[in-house]
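S.K.: Residue numbers (my numbering), protein chains in the order written: chain P, -11 to 483; chain B, 327 to 461; chain W, 25 to 520; chain A, 254 to 530.
Check each hint, because a few of them may be wrong.
Stated by the list, open to error - As a list, the in silico PhoX-like pairs of lysine-lysine whose alpha-carbon atoms are at most 25 Å apart: (1) P/95 - W/396; (2) W/179 - A/525; (3) W/123 - A/363; (4) P/-4 - P/44; (5) A/363 - A/347; (6) A/391 - W/179; (7) B/337 - B/385; (8) W/391 - P/95; (9) P/154 - W/179.
In case anyone wonders, no lab produced these hints; they're calculated from the structure. All values reported here derive from a predicted model rather than from experimental measurement.
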Amino acid sequence: MELLYSAKPLAAILVSFFVVPIIFSARSENVREAWTFVAALLKFAIVLSMLPFILKGGQIAYTVAEVLPGLAISFKVDAFGMLFALVSSSLWIVTSMYSIGYMRTLKEHGQTRYYACFALSLSATLGVAFAGNLLTLYLFYEMLSFATYPLVSHHQDREARSSGRKYLTYILGASIALVLPAMLIIYSQTGTFEFAPQGFMNGAFSQSTMTVLLLMFVFGFAKAGVMPFHSWLPAAMVAPTPVSALLHAVAVVKVGVFCVARVITGVFGTKMLASMGLGTIVCYIASFTIIVSSIIALSQDGLKRRLAFSTIGQLSYIILGIALLSPSGMTGGMLHIAMHAFGKITLFFCAGAIYAASGIKNISQMVGIGRRMPFTMTAFLLGSLSVIGLPPLGGFISKWNLVIGTLESGQIFFLFVLLASSLLNAAYFLPICYKAFFCTDEEAMFERKVNEVPTWCLVPLCITATCSVIFFFYPQPFLQLAKMTVATIIGAPMP
Amino acid sequence: MTDLLPLIAAKYNYWIYTILMMIGLYAMIAKNNLVKKIIGMNIFQTAIILFYVSIAYKKGATLPIIMGDGHGGGHGAIQAADYINPLPHCLMLTAIVVSVATLGVALALAIKIYRQYGTLEEDDINHQIRMQAGQ
Amino acid sequence: MTQHFPALLIIVPLLSALAVSAMGWIDRRWCFPLAVASLGGALAVSVSLLVQVMAAGPIVYQMAGWSPPIGITYVIDYLNAPVLVVVLAAAFLNLIGAKVRIEAEFEEKLGAYLALYILFLSGMVGIVATGDAFNLYVLLEIASLTGYALIGLGKERAPLSSLNYLFMGTIGASFYLLGIGYIYIATGTLNMADISNMMPQLMGSGTLFLALIICMTGLFVKMALFPMHGWLPNAYSNAPSASAGLIAPLTTKVMVYAMVRVGLTIFTPEFTFSRAILSETIVWLAVGAIVAGSLLALMQRRLSRMLTYVIVAEVGYMVGGFWLGNKTGITGATLHIINDAAMTLTLFMAVSTITWKLGSDKFEDLKGLFGKMPFTMIGFVLAALAVIGIPPTCGFFSKWYLITGGIEAGQWGFVVALLFSSLVNAVLFFRIFEIAFFEPFAEGHGHHGHGPAMSEAPASMVAPLIIAALSLIVLGLYTGDIVTKLIQLAIPAGIA
Amino acid sequence: MRLLALIAVVLTGGLIIFHTGDLPDFGDPNSPASTHLSPYYLEHGEGDTHAPNIVSAVLADYRGFDTMFETTVVFAAGLACFFLLRRKTEPGDKPRMYRHLPTGVTLRIKSGGTFPEEDSTEFRRMDSHFVPHQIIIKNTCRLVIPFIQVFALYVVAHGHYSPGGGFQGGVLLAAAIILYAISHDLRRSIHRFSEKVAALSGSLGVFIYAGAGALCLLLGANFLNYEALGPLLGVDAVMARSHGILIIEIGVALAVMAVIVWIYYNLSSAGKHDEGL
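Isolated chain P (complex conformation) (with noise of 0.2 Å):
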């Protein structure tokens, strides 16, 4: 495997970091979200600069410090970190523009701060993504929470304040007292932290406390949202709608299972876990997650809300897929990444758009809407088939795979698990869709006139349902991806 020495990762992360600065002295709006604008399309460049070295099968590392000794901040772009990076960073465009038309059609104070946050959180998931050793996702994941913080109590009331205060007690106080023991343990044990193929555990400790150390990362990182450790996620859904956009359903929550993915791969490796039969236990645990979190998203009326419970479901498909420790599994888990990030990330625009139209917020009162936002509307279809995993859309191609995973491993259980799921999306999802377009003049709710929303709104939701429904016929690199991170792992040629 080729390696790289290059500062590439290091730039990609701080081209948002230094733009901070920048943002809080502009003198207008306008210069302000060029830099936003300029910061992401830099960013995006960079990332994509080093993608076709990725995918020949190389690997680009940095150290920035060697801050204990030994142990160094250091990054490490790998396919996987590639993926994720790709998608993160290709959706802060987006959402960037749809800021720009959401916060100035509500006319929210604190703009300056708020785009100050996002940029900086987007150094923090980026960092996230390209972490080569525990450490130094563990520094980037800290970052990432207080980097948000301001972001999900943005409207600074009652009732931002104790929801920022659930982010914040869940988020850091999981991280706080499981991860960072689990690290120090196998720290003290291993004396590296270094992300290998096959873990670096070797048979350090005895499958008891392997089984402690696996749950308390699974726990410990609750941006994954498993349960119990879910109920900050829709607590912050106060956040302006971009935010739970990008964040709630993108970065916040993929970093939280992008770590536990990178843990079960990189530090305990999959071998050593399958021969315990570790991961089962994880699969388990996903699976109660995806049933229970569905079944409640079938209960809440909030757009926001039920979008925030289906997403909890969704992450734990993920883990599942991982934690079944098969290929088409981990493949499935790892592209589900980024095809449930398109799909979500539309259907949060939708949501905000509609608010930002007509100040409405539960789904109750969203009778007849398809007809007065037609394209809101249909990419919220798309968007919601996407999630769901039918086909023309690009969350077919993850929820096959992970199907196919469930076969290859000969877990049938996991199997129904998916198939319930999918169906619980569907009844929570497509009610939603029927009722916006069809629906008798008398039954629709809005007398005023309401109107699609701005462009710079529009524009967005409708390039990432299109993008969705593109990486049904194209998945690549996305696909490419992933299989080379799982032939890596199962140390298959590449292919």
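Position chains B, W and A relative to chain P; hints supplied.
M.R.: This is chains B, W and A only, laid out in the frame that chain P set:
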């Protein structure tokens, strides 16, 4: 008991300094009046000074000022055993000065406290503080 | 001249303290520039010493030209060179940051205040640099005596708090003196290196064990280890802000340094950690300090008081880490001396800036501060993150070593206490962030009367604060270098 | 609280006494304390420093660095007392009391009236209603004070040869001034030896000490190594140490005298610098 008595007799300096020190310490902790506490502090420090000075003592030795004419004559080489140990004395000169300085600052603070509360009884002062906090 | 740098470290502040105090009577305008120049000079000297030590190993300086056991020596080695730099840098930054306050609050007594400030610092520097056990006592008293005065002129209960501090401080220092007496009885010398040379023959000595206990008790009182911490919160929270910003970062940390010095250099680790029961007891005391400090901090309603209890908990970190008795733990404790000094400095400077503009540090008065004083709050947030232990701030890395040390030593109580205190710290600080972030600023409540509009503090206060806050991250990123190039070389062989 | 204190104290005392068994007997000439380091001082002290009083030699030369800080402690205490207590006397809007010395009549002058000059020989300011006119005490003290001062100078200068030195001499000098302040009154004393002079000579005293050390450093030797002063004073190394000791003893005496007087001024008048005790 028969072993203990000669032991005490041979090392009575330690007993005396310990008792003195504990008297001082007790006064510092238990007394209510701030000036009494300051006095306790002085006893405490003095006990330690006594301890050091008693280390310096050697049976049959005299104070460490070298006898003789001081110009190379006199009675040959100086025998260290003839003079008591000068080092603890020197150290204690420092400790005495330190304790005097501490005493000065302690009294200054006591005066300031008296000016503020009109009393030096600690429970009265605490009472006043609690009354102020209650208002 | 470079070979005289260890002496200059002390002479420069001492002579300038005299000059400043004299200038207080002649022309007050010269006091402040002189003080800044002297601290800056001493800081430069300490940095150059650090470079020398890293290049060529420890430096021994013989005062009055007498060789070690006879005269007094100063020893600059891997352990104290970084501590010296941090101590001087902290005092320097705080002095600049507090300029406005000092000049407003001590107008008439400016000369005396600055002279005391510098004398306190020279005491601290001396404690860190000296290689003589008794000399350490004298310097300890210089630092304490000036400290009482610096605290005593604060508001409300300051004189009473200061007198209580004086009592406890004197008990602590006297115990240390007594311990040195016992060492002297057993060895006949006062030079640290000389004592440690004799230690191998005196391994079983009961007298020395008593000396160890007494010395440590004295130092524990001085550093306010639970349950001897009662004097600290009152003394620090009632002190004038400029003094609190000097004393809070330095005193406890330098006392912990003295503990490390006494434990490692005087008694040698073989002897210090030879009695498991002693180490065990002290680690549990430290656990008590961490838990009690954290819980008491939760109960406070004033920012500065809350921080004083955080200090109590931090002392527990360092004492516990040292008495774990393994290399990792001692590395963590030593690293935490440096990091905690920087963190406490930043926190207290931030509080000083806030009270200067606001006239109060009660929680309910902190509303809306993020909007009104953004730069001050950025500094405060960074320091808070360091105290909680979030990477890449320095607090994370020392906590890292401490916890790893605890795991290695099998002291699970200590590990749990550290994690618990991290969580409590998170609660403590986020409670304040919430108030300062969510609640709107209440116009018109009692601020200091500097015009009607509440705004950011003057640049001379904010700039040093921001520098201190950024140093937290820089220290964090250079942890690897600090540990491998300094601290690990400072820990003597013979520790697992 | 008291019971707790008693228990703590008894336990501590018990712990210390429990360990006395290991300690050398009182007056044991063979204890480590008396055999390791101190013989060097006794045997070489006079040869090294030309000071038969070994305590002085150790104090001012071998461990001169400690002593410098000892002087600094005194100075710091003076500063601390001043810093804590001193307050400006209230502006002249209160009635003041004066005694007319030739007649012994006490005058009360209301605010706004014309006050006598501060250094007037006929009128003296008073703070309390009754100040006795003790002619015997005053005159006795006047006679004694010069002798005390001369003796103090002897103690300072003769510290090499007999018990004595800068601290003892300084305290005696301060005692003379304090005696004056007690027997006359604080204002008169301050008039003769003002606060500013006290503060400045305190600084100067410590400065003589530290400056002598720094001078050695400038001359190329280690800090406080008086041998470097030899060429300057025109004597050999041993005599240079002897002279060095004298120089710093003078500095110590000056500092101690000034600071103790300064502390007395502040303590006795609670910082008001009025009539005092």
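S.K.: For which of the previously enumerated hints does the structure constitute a violation, in increasing order of number?
M.R.: Failing hints, ascending: 3, 6 and 9.
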